[in-house]
Amino acid sequence: MKFFADLHLHSKYSRATSKDLTIPNLDKYARIKGLNLLGTADFTHPDWIAELKQYLHEDGTGIPKSAHGMSY
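For the sequence shown, position 9 matches number 9 in the working numbering, and the numbering has no gaps at all.
Treat each hint with caution, since some may be false.
Cross-link-like lysine-lysine pairs, in silico, DSSO-like; alpha carbons within 27 Å at most [as the list claims (entries may be wrong)]:
no.	residue 1	residue 2
1	Lys19	Lys53
2	Lys19	Lys33
3	Lys33	Lys2
Simulated DEER-style distance windows between Cβ atoms [unchecked claim]:
no.	residue 1	residue 2	range
4	His8	Arg31	16 to 24 Å
5	His10	His68	18 to 26 Å
6	Arg15	Gly60	12 to 20 Å
7	Met1	Asp47	27 to 35 Å
8	Met1	Ala50	24 to 32 Å
9	Lys19	Gly60	27 to 35 Å
10	Lys2	Pro46	33 to 41 Å
11	Glu51	Ala16	14 to 22 Å
12	Asp20	Phe43	27 to 35 Å
13	Gln54	Asp6	20 to 28 Å
If you're looking for bench data, these hints aren't it; they were derived computationally from the structure. Heads up, the beta-carbon is just placed ideally off N, CA and C, and yes, glycines get one too.
Construct the complete structure from the given sequences, taking the supplied hints into account.
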């Protein structure tokens with residue numbers, strides 16, 4: 001299986017980043033760019049952890065996915 005990935009994306013909680021860096025927006029633009037796997041930094045920030053838990057779910061593969069099927 002081939003992966004097209006960006007494995008180091010910051011969240012909106014990182015300094016000097018857009019407040020539009022949300023899971024739905026990351027999904028949208030990743031699909032436009034042809035990506036199928038995203039890795040997010042800032043995963044220790046409490047508010048970002050809450051968003052990740054809100055928007056991502058386990059599907060039994062061990063890889064969290066969004067409602068649109070993007071792997072994280």
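Outcome of the hint check:
1. Distance hint between lysine 19 and lysine 53 is fulfilled; the C-alpha atoms sit about 18 Å from each other, no more than 27 Å.
2. The suggested pairing of lysine 19 with lysine 33 holds, with an alpha-carbon distance near 20 Å, which does not exceed 27 Å.
3. Between lysine 33 and lysine 2, the direct Cα distance comes to roughly 15 Å. Compliance with the 27 Å bound is thereby established for this hinted pair.
4. The beta-carbon spacing between histidine 8 and arginine 31, approximately 19 Å, falls within the hinted interval of 16 to 24 Å.
5. With their beta carbons about 20 Å apart, histidine 10 and histidine 68 fall inside the hinted range of 18 to 26 Å.
6. Restraint check, arginine 15 to glycine 60: a C-beta distance of roughly 36 Å breaks the suggested window 12 to 20 Å.
7. In this structure the supplied range 27 to 35 Å holds for methionine 1 paired with aspartate 47, their Cβ-Cβ distance being about 33 Å.
8. For the pair methionine 1 and alanine 50, the supplied restraint of 24 to 32 Å holds, since their beta-carbon distance comes to about 31 Å.
9. With their beta carbons about 33 Å apart, lysine 19 and glycine 60 fall inside the hinted range of 27 to 35 Å.
10. Separated by about 35 Å at the C-beta atoms, lysine 2 and proline 46 satisfy the suggested range of 33 to 41 Å.
11. The beta-carbon spacing between glutamate 51 and alanine 16, approximately 19 Å, falls within the hinted interval of 14 to 22 Å.
12. For the hinted restraint 27 to 35 Å between aspartate 20 and phenylalanine 43, the CB-CB distance of approximately 19 Å leaves it violated.
13. Separation of glutamine 54 from aspartate 6 is about 21 Å and conforms to the stated range, judged on CB atoms against 20 to 28 Å.
The structure fails hints 6 and 12 (numbered hints given earlier, in ascending order).
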